[in-house]
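With chain Z held as given, fit chains A and U onto it using these hints.
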Amino acid sequence: MSWKGHHVLSVHDFTREGIQSLFEAADKCKAAVKDEDGADKSVLDCCKHKVLGLVFYEPSTRTNCSFATAMLRLGGTYINVSENSSIKKGETLQDTMRCIECYSDIMVLRHPEKGSVQAVSSFLHKPLLNAGDGAGEHPTQALLDLYTIMQEQGGKIEGLTITMLGDLKYGRTTHSLAMLLAMYGVRINYVTPAGLGIPDSVKEVVESLGKVISQNEYLDLSEVIAETDVLYVTRVQKERFESLDEYEKVQGSFIVNHETLANAKDTCTIMHPLPRVGEISESVDSYPSAAYFRQMENGMYVRMAIIAKVLGAL
Amino acid sequence: MSWKGHHVLSVHDFTREGIQSLFEAADKCKAAVKDEDGADKSVLDCCKHKVLGLVFYEPSTRTNCSFATAMLRLGGTYINVSENSSIKKGETLQDTMRCIECYSDIMVLRHPEKGSVQAVSSFLHKPLLNAGDGAGEHPTQALLDLYTIMQEQGGKIEGLTITMLGDLKYGRTTHSLAMLLAMYGVRINYVTPAGLGIPDSVKEVVESLGKVISQNEYLDLSEVIAETDVLYVTRVQKERFESLDEYEKVQGSFIVNHETLANAKDTCTIMHPLPRVGEISESVDSYPSAAYFRQMENGMYVRMAIIAKVLGAL
Amino acid sequence: MSWKGHHVLSVHDFTREGIQSLFEAADKCKAAVKDEDGADKSVLDCCKHKVLGLVFYEPSTRTNCSFATAMLRLGGTYINVSENSSIKKGETLQDTMRCIECYSDIMVLRHPEKGSVQAVSSFLHKPLLNAGDGAGEHPTQALLDLYTIMQEQGGKIEGLTITMLGDLKYGRTTHSLAMLLAMYGVRINYVTPAGLGIPDSVKEVVESLGKVISQNEYLDLSEVIAETDVLYVTRVQKERFESLDEYEKVQGSFIVNHETLANAKDTCTIMHPLPRVGEISESVDSYPSAAYFRQMENGMYVRMAIIAKVLGAL
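Chains as they are written, first to last, in full-length UniProt numbering: chain Z, 1 to 314; chain A, 1 to 314; chain U, 1 to 314.
Next up, chain Z with everything else stripped away, as it sits in the complex (with noise of 0.2 angstroms):
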């Protein structure tokens, strides 16, 4: 799998080897941005004379400053598209990106639109970054919840079992790292209220390709939360309930504190993609194990990597 040159769309275009080569790329960016003894400095100008086309037709302050702060510590340069009125004057998606692409040299696109960045990428010669299209895929969240994984847990993650909670029904980010986790021999929890459970279409590609040891449903984090290495926390949002009466009912399970960690091992690495609406209580930061903000922060080392493959630059 070579990244030089290629749209990133999905996480089923990934392969072992080009994440690890890609993992390698970032633990660079990580070192030549923290100024660690030994860094390549080179890294934070391998894309002089670049620039990065953004376009958010959804907002995501979190996502896009990740891509454009990725590309400025590359040494490159942005342009934002995000939210400006005048890409809605009626223009098809295709005509706005064949634009965009004759001021820079990779884009990046979120779209609202299930399939939307996929269908868009035939109309283009400069690589697009896929940074969500709606209820599809968010591949460079799962590559960068997978770079944390393996940070937090010593650089394996081969036998880890990982326990996500939340709402697994409508959340992308949970489909898109079960996805990604389907290539490693991990145990996957599935933590969710009732009608809120991860879909059978995303077990089923999990399943099909052979090497999770296995995929098991719960209703209740108290159930596994002592064999859990890596407790992925999601938010479920009130709209998803028929009544406030239901929501009521199952929200405190749903909230990770004091209380719900009490036999969780001290290594269990706590993430959430953010931002958190109080499903992690703030009594929770002070765990060393509470890798969230370092979760947000590999983002950036991992988009960078991203990037500068794509351009060939690293």
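Calculated directly from the structure, the hints in this document are not laboratory data. Hints are supplied without guarantee of correctness; some may be wrong.
When chains are identical, the list treats them as one kind, so a pair holds in a single copy or across two.
Quick list of in silico lysine-lysine cross-link-like pairs, PhoX-like style, CA-CA up to 25 angstroms [unchecked claim]:
(1) K41 / K28
(2) K126 / K34
(3) K249 / K34
(4) K4 / K41
(5) K169 / K114
(6) K211 / K156
This is chains A and U only, laid out in the frame that chain Z set:
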């Protein structure tokens, strides 16, 4: 005509020599960005340490991104004051621009009011580029259109037949282009719906320079398509018509597709300032002479040349 | 007082020595940007590879652009999280800022709530600059005002008579400036409409440092214009008055024009934080001592100095 240190406000300020030297600079910019053999790569750093102030009182993704990336590709940087709410705090335009002037080395202004850009320029000590003043001018668009015609037609303008299609009454872009073409020995055809013809005032200005071979008006493209070297398509906006009926009557005659182009020369350059909303069928995109996306890209090179010449860097 | 690695939150943190060393850095920045003879041009690259995170919960073109261009002119880059809708997704301010911290080397925050910037700073490991916290402080504005006074008055502050004009009750800018001036032997006059006088709390803080020669309040500029070395004009907002009648009664007394300035010294420096909405007649712009646009420009140099000092680059 010297570009260095001057405002760029109107096509009336340009001379053929000035345009020639600008287009030579645009060629250098294009070669450097495209990394062509023998390209002078120092162009990509020639505006290092310079800041462009972009002030847009009307949204325009394309023009804004084009100027922004032009500056980035010269090694410079920019700030964007587009649609920012605090430019509406009751301050005069000249005060706002004098503030932006404190921070930048060169400025770009788009404003909905005709004459506003010219008016404010007299308060400024640093160069101002007009990016459109309402029904007034859009001189950098005219320059990139002319540059594209030359690029697509083998370097010459003299002797060409240029047909402009669509609403030419309200189309600022075509007025500026016609007035720029007035310096060359060309034939200009204006094909418009009844009531949306090119204003007499524009035709008189074009006539007055004494270079243009002919200016003729038509209601139907079929009358002139066979002789046309350059077909410049613009939009016919629904809201310009008294009734939807009237709009629907003419609309079909102003759509460019296989049928419309049946009698066109193979070498007939097809242009459009974009965005298009149906005026050019997507089936035309594969024509080798369909130049609208190259025109878009040329916008960046021409604006690189303008910025670099005005700053004295090229 | 050391700037390196510290937050810049309040004028109360500053010392005269710290200010002196900051202003020397600002002089270097000014010389480098203006390309003066003997200027140290390395200043223009001293923050290369550094990223500034700009977070504005209230719009402010001027302050935002001033910080942005300050960073650009030091060779650094920035991201802008101003008014971006996804900072409103119910996330706490500290979570948002800890995310921005993951991507940047130094941060600027403007927030409408008094004390919010100070409060969030305790969660951050990288330096935070206060760009205004509601009715609280705006310390970098106070520094650029003081720098401008020194620049315009031949390098000295001791012994000057500074008159502040307008609404001094709600004017955060003038409170911060008064508290900064409190470190010097100056006379301060406050000229305000009835009911919009400087708060006693501010006067007490100024008094408590024991340096200021006098603080006096007036209702009419004519009483003190002749003795004034620096006239600091601010806006009187209509909405502060109980009725339009009351507003119109006083309004005229707070407009600076030829008549108001008839008895002023030729060397009386006229300042305004801008934007102005009629408080200073445009006929005053041509006075050699009208310093408000130079004040604006100085904002960039002082902010360059702050960023560079805090990052340890100057």
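Okay, the hints, checked on the actual structure:
Taking the closest pair of Cα atoms, K41 and K28 come within 25 angstroms of each other only inside a single copy of the chain (9 angstroms); across copies the shortest separation is 28 angstroms, beyond that limit. Taking CA atoms no more than 25 angstroms apart as the test, K126 paired with K34 passes between copies only; the shortest distance there is 13 angstroms, against 30 angstroms inside one copy. For a Cα distance limit of 25 angstroms, the shortest separation of K249 from K34 qualifies neither inside one copy, at 45 angstroms, nor across copies, at 60 angstroms. Taking the shortest Cα distances, K4 and K41 sit within 25 angstroms of each other both inside one copy (21 angstroms) and across copies (23 angstroms).
Taking CA atoms no more than 25 angstroms apart as the test, K169 paired with K114 passes inside one copy only; the shortest distance there is 15 angstroms, against 41 angstroms between copies. For the identical chains of this complex, K211 and K156 are intra-copy neighbours only, at 15 angstroms inside a copy versus 64 angstroms across copies, given an alpha-carbon limit of 25 angstroms.
Hint compliance for this structure: hint 3 is the single one not met.
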